[in-house]
Structures are given as structure tokens and as C-alpha cells.
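Visitor: Residue 195 is where the sequence shown starts when you use our numbering, and the numbers rise one by one after that.
These are computed hints drawn from the structure, not numbers from a lab. Note that this is a predicted model, so its numbers are computed, not measured. Errors might be hidden in some of the hints.
Using 27 angstroms as the maximum straight-line C-alpha spacing, the simulated DSS-like pairs for lysine-lysine come out as follows [stated by the list, open to error]: (1) LYS405 x LYS586; (2) LYS209 x LYS278; (3) LYS478 x LYS586; (4) LYS398 x LYS329; (5) LYS209 x LYS329.
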Amino acid sequence: MNQQGYQINESTFWKVALSLALASFFTFASIYAVQPLFPVFVQDFDISISMASLSLSLTVIGLIVGLIVLGFLSDRYGRTIFIKLSIIGASVPLLFIPIIDSFTVILAIRFIQGFAFAGLPAAAIAYVSEEIHSKHVHVATALYIASNVFGGMMGRVFAGAVTDWLSWESYFYILTGVGVVIAGLVIALLPHSRSFTPSDLTFKHDIKSLKFHVTNPTLLLIFGLGIIFQLSFTGIWTYLPFYLQNSPFFLSLSAISFFFFAYGLGVIGSPFAGWLAGHFGLNKVRLIGTFVFSIGIWMTLMPWLWAVALGLCVLCSGFFTAHSLTASSIGDLVTHHKGSAASLYLVSYYIGVVFGSSALSPIWNAYDWEGLVLILGFLPPAYMLLVRLVMKRTKKV
């Protein structure tokens with residue numbers, strides 16, 4: 195932690211916080227903007243649900259690849275260059291998506307976008323720890339993470355609303371304009387690094403640290419937890435538009451998009467979970483959060499719209515509690531190479547997004563919403579109980 199960095203009473207601190215918050219907002223709005231549009235893609239391009247969901251999955255796969263590659267490069271060549279190039283590289287392709295007739299080409303563009311998006315998360319947290327005074331790092335980090343959630347929420351909400359009122363093509367043009375403005379602000383506001391020290395370690399050393407973690411059984415269990423949490427969470431939100439468009443609800447896309455406001459609970463849920471963990475213990479609060487997550491999933495089975503909406507709020511509260519505490523527990527489970535361990539958890543988290551958006555189609559086709567919800571609600575507590583059983587035997591909890 196930097197003892198000489200920008201403090202909260204300095205204007206430069208707020209330039210850093212605002213720049214990263216804006217970049218984060220745009221990045222996650224762009225990544226998840228396609229999720230409520232899957233039914234539109236199915237209809238307009240005459241493709242399957244699985245094919246439509248690849249517009250999110252391939253973006254996330256590109257993000258995973260980019261996190262690994264750009265994370266290594268940012269340790270050697272600096273932080274700000276990758277943050278700025280990330281926003282520029284992600285904005286430009288958005289302009290071409292609405293004018294392309296081939297969905298396969300759109301998927302290729304989304305993969306490239308995902309790789310470009312990775313420049314921000316690969317460098318942002320390290321930049322904050324290097325440039326912000328240690329007393330105020332948690333404030334800047336919290337603003338950045340809250341912007342992740344807020345961007346993902348608003349990207350989904352406006353995608354559905356604008357598509358229903360105008361067209362999905364119009365939404366991508368609007369998103370391009372927002373990206374250009376934010377890129378300009380980030381380039382103008384984000385200060386150059388003052389405390390960055392290039393890594394003199396070889397790539398072989400980085401690979402060795404990754405290998406060390408992926409051969410650690412305890413960490414593998416926790417990485418699996420990240421996958422399970424996100425698989426269930428993404429799966430619900432991926433198929434929700436298809437469910438609500440049909441009997442007994444028959445909602446429009448714009449009406450469905452407002453359900454994504456439930457994500458707002460993640461903005462306050464994560465820090466609140468940290469406070470609870472400090473008073474009652476991380477493992478107890480995480481276990482409770484996991485069961486709340488599953489209860490919320492099962493509540494969406496009730497045939498009333500208010501119950502579905504309430505269930506989505508409950509599952510978001512449980513998910514962000516369980517996920518944030520799992521992410522924060524990584525540092526306590528390793529004694530060195532903590533950065534690469536955190537990166538691997540982030541990768542596992544995004545692997546869950548890939549599976550949750552593209553691998554559940556057979557369950558949906560065979561068992562519809564009821565079967566999907568029953569399975570996705572069962573997975574998190576079942577896996578969490580397995581984790582606790584194994585870790586108790588190894589005296590980790």
C-alpha cells in the first residue's frame with residue numbers, strides 16, 4: 195500500500211476515482227447490454243437461444259484471455275495505458291455491430307471487445323493500490339466496484355427499454371456515443387502513474403505462480419464456488435426475459451428490463467456483507483448469503499409478478515453477499531502470490547458467466563423455467579456445504 199499517494203481531500207484523488215468509476219460503468223454496461231436482447235437476436239437473426247447467448251459468452255471468454263495477457267503486460271508497461279486503451283478499444287467496435295447482417299461476425303466483434311475490456315480490470319485495482327494513500331484505498335476501490343454493478347445494471351435496463359421504444363441498433367449507437375465521451379474524460383482526467391515500478395520477473399515466474407494456485411486443492415474448491423455462484427446467477431438472468439415474455443405474464447422487453455434494477459442491491463449489499471462478516475464471521479455470513487441466494491431463486495417459481503420481483507431482489511442480496519465474501523477470503527487462504535490468486539478467482543467467476551449464459555439451454559429446452567430454477571437454486575448451497583465439509587476436515591474453517 196502507498197503511504198505517499200493521493201488523499202481523499204485532494205482533487206486528484208477524485209479525478210482517479212471518477213475516471214475509474216466512469217470507465218467501469220461503461221465497461222460493464224457494454225459487456226452485459228446484450229443479455230436482455232437475447233429474445234430479439236433469436237427473432238431477428240433466426241438463431242437458437244444458445245447461439246444468441248454467445249454474444250455474452252464470447253465477450254466474457256475474450257475478457258478472461260485479456261485478464262491473463264494484459265494483467266502480465268500491465269505489470270511491466272504500466273497501468274494507465276491499458277486503462278485508456280481499454281475504453282477506446284471497446285467503444286469503436288460498438289459502432290459496427292448494428293450495421294452487420296451476420297451474427298457470426300457480431301460474435302467475433304464481441305470476442306475482440308471482451309479482450310479490450312480486460313485492460314481495465316487487469317490494471318485498475320493495482321493502479322489504485324499504487325497511487326492512492328493506504329488510508330483511502332478502500333474508498334476508491336469501493337467506488338470502482340460499485341460502478342461495476344451499477345454499469346451492469348443500467349446497461350441491461352436501458353438495452354431493453356431503448357430496444358422496445360426504438361431498436362436494438364439504436365441502443366448500440368447510443369452506447370457508442372457514451373463510450374466516446376467517457377473515453378475522452380478518462381484520457382483527460384486519469385493521472386499518469388507516479389508510483390508504478392515495472393516488474394522484473396519473467397513470464398515464466400508468473401506462470402509458475404498460477405500453477406502453484408491451480409494445484410492447491412483448497413483454492414480449487416473456492417474457485418469452483420465462484421463458478422457455481424455465477425453460473426446460477428447468470429442462468430436466472432439469461433432466461434428470465436424468455437420466461438416473462440410468455441404465459442402467464444406476457445411482458446414487453448422494456449417492462450422486463452426494469453427487473454434488472456434488482457442489481458442495485460449489489461451496490462449496497464457488498465459493503466454491508468463486509469460489515470456483517472466483521473461482527474459475525476465471514477463463513478457464517480457467507481453460508482447465510484448462499485441460502486438467501488437460493489431462496490430468492492426458488493421464489494421466482496411463484497406465479498405472481500410481485501413474487502418474481504421480490505425473489506430477484508432476494509437472490510441479488512444473497513448472491514452479492516456470498517460472492518463478495520468469497521472474493522475477500524482469497525487473501526486469507528494463500529501466503530504468497532496473492533495477486534495471481536485473486537486474478538484466478540476473477541477468471542473462475544467469469545467462467546461461471548460463460549456456463550450460465552450458454553451451457554444451460556438443454557435444461558431450459560427439456561424442463562423449462564421450473565426445472566432450470568430448481569437446479570440452479572440447489573447448486574449453490576449443495577456446493578457450499580461440500581466446501582465447508584472438506585475445509586473443516588483440513589481445518590481451514
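Visitor: Would you mind marking each hint as holding or not holding in the structure?
Guide: These are the hints, each one checked on the structure:
1. LYS405 x LYS586: At roughly 25 angstroms apart (the allowed maximum being 27 angstroms), LYS586 and LYS405 satisfy the hint.
2. LYS209 x LYS278: holds, 14 angstroms
3. LYS478 x LYS586: Measuring from Cα to Cα gives roughly 13 angstroms; hence the hint holds.
4. LYS398 x LYS329: Not satisfied, since the Cα-Cα distance of roughly 34 angstroms exceeds 27 angstroms.
5. LYS209 x LYS329: Roughly 17 angstroms between the alpha carbons, so the hint for LYS209 and LYS329 holds.
In this structure, the one hint that does not hold is number 4.
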